Amino acid sequence: MSPWLEAVVRAVAVLAAFLSLPLLIGQTEHKVMAHMQGRLGPMYAGGFHGWAQLVADGVKFVQKEDILPARADRGVFRLAPAVALIPYLVALSVIPLSPTVVGATVDASVVLVLAVIGVGIIGTLMAGWASANKYSLLGGMRAAAQLVSYELPMVLAVASVALAAGTLSLVGIAEAWSPWWLLWQAPGAFVFLVAALAELQRPPFDMPVADSEIVFGPYTEYSGLRFAFFLLAEYAGIVVMSLLFAVLFLGGWAGPFEAWLGWLWTLLKGFAVAVLMIWMRVSWPRMREDQLQRLAWVWLVPIALLQLALTAVGVVMTS
Amino acid sequence: MAGYLVVGAVVGAGVLLFVAAMAARRLLAPRAPWAAKLTTYESGVDPVGVGWAQTKVRYFVFSFLYVIFAVDAIYLFPWATVLRSADLGRASLVEMGIFIGVIVLGLAHAARRGLLRWV
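Each protein sequence line maps, in turn, to chains A and B.
For the first sequence, the working numbering begins at 1 and goes up steadily by one.
For the second sequence, the working numbering begins at 1 and goes up steadily by one.
Warning: the hint list may mix true and false statements.
Stated by the list, open to error - Below are the DSBU-like pairs computed for lysine-lysine, each with C-alpha atoms no more than 35 Å apart in a straight line:
(1) Lys31(A) / Lys64(A)
(2) Lys37(B) / Lys64(A)
(3) Lys60(A) / Lys37(B)
(4) Lys56(B) / Lys37(B)
(5) Lys31(A) / Lys60(A)
Hints are computed from structural coordinates only; laboratory data are not their basis.
Because the structure is a prediction, the values reported are computed rather than measured.
The task is simple: from the sequences and hints, build the whole structure.
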């Protein structure tokens, strides 16, 4: 197969995964949240336990009037959903489900994933600024402060795993993983999970979109399909972060029959992490802005640095 | 390089998805704008002033700290690939220890001076 044709086929496959996995997570969130709160959740759309609820939501979003506020910075306002969404697609393309089931094989995939996730954040900032709305501006500022603070512990936690494996390739890291890492890299895993939740602006880190204070933060002025794209970006973000956690800290495809079923183990581990993220949303109240910053700088950064020292000393001692 | 060709194709697919979705929206969504609908939303009252109001940027110290540590983090990744080598491993461990130690000292100083408080 010519490299160009192969690239197109792979891109289409990644796009298909990108459009189906977030729906699965979204439906899981509807159902898991509902049952944790003693309700049923969606039951009608599609017949069986409301499985088509999110498809119906999508159809509704396409048909809604899309308002472009008169005061808004029009170009930036229009571009923001794309800037928020596309980086997660690129991130998903380099996350391996098994050594063979991977969209794009690149050498320094760890650095690439971290870099593109950082770009996605600019979409939120653009939305907050371009809306010319006070709620949006406040939300955008909060988002910027939060993302700047939590990016750092996340990068440090990932660097620790890269040190432990001695490679910058996600495939290489998951290949180097051993069950011993569950203990050795546990502080880093904790830091990564908390920082990932904060990067996604999910409860309890949803101060930038706190509905009781600033309506919906940076997305206040959005409606219709543009708003749906921000929602899709959030759920695609959950998929990316969960799979990344599974590959970096849980060994990805390590499991019985990994030659044939490796991709399934990665997906199942990622799904378990996603359910954990939903569980945290149901369990904890929103953190205040100063508590958020304090958690990042006083707890997560020092823990991540300690983990880094632990990893580096461990590697030098054993090699 | 074949990997980066795929990454490029994926970016193209993302742009195509966005353009196609926006075209679908243009075809399917109703459009009936009037002045009140296009006004900036401010909880139902008429907006006061402009949206880009002056505000105190409370987190600029955090962004300075972030820049310092982000540069530090970039040095960590190449280090990961040489830590196991026999001639560089131990020496690089000590050097990185000193390097990160200096930065942590700076963070501790910032914390002691109360810069990490949200004011």
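Evaluated hints:
With a C-alpha separation of about 25 Å, the suggested pairing of Lys31(A) with Lys64(A) holds against the 35 Å cut-off. Our distance criterion of 35 Å between C-alpha atoms is met by Lys37(B) and Lys64(A), whose separation comes to about 14 Å. As the CA atoms of Lys60(A) and Lys37(B) are separated by approximately 20 Å, the hinted pair is consistent with the 35 Å bound. For the hint linking Lys56(B) to Lys37(B), the alpha-carbon distance of about 30 Å falls within 35 Å, and the restraint holds.
A distance of roughly 20 Å separates the Cα atoms of Lys31(A) and Lys60(A); the hinted pair therefore holds under the 35 Å criterion.
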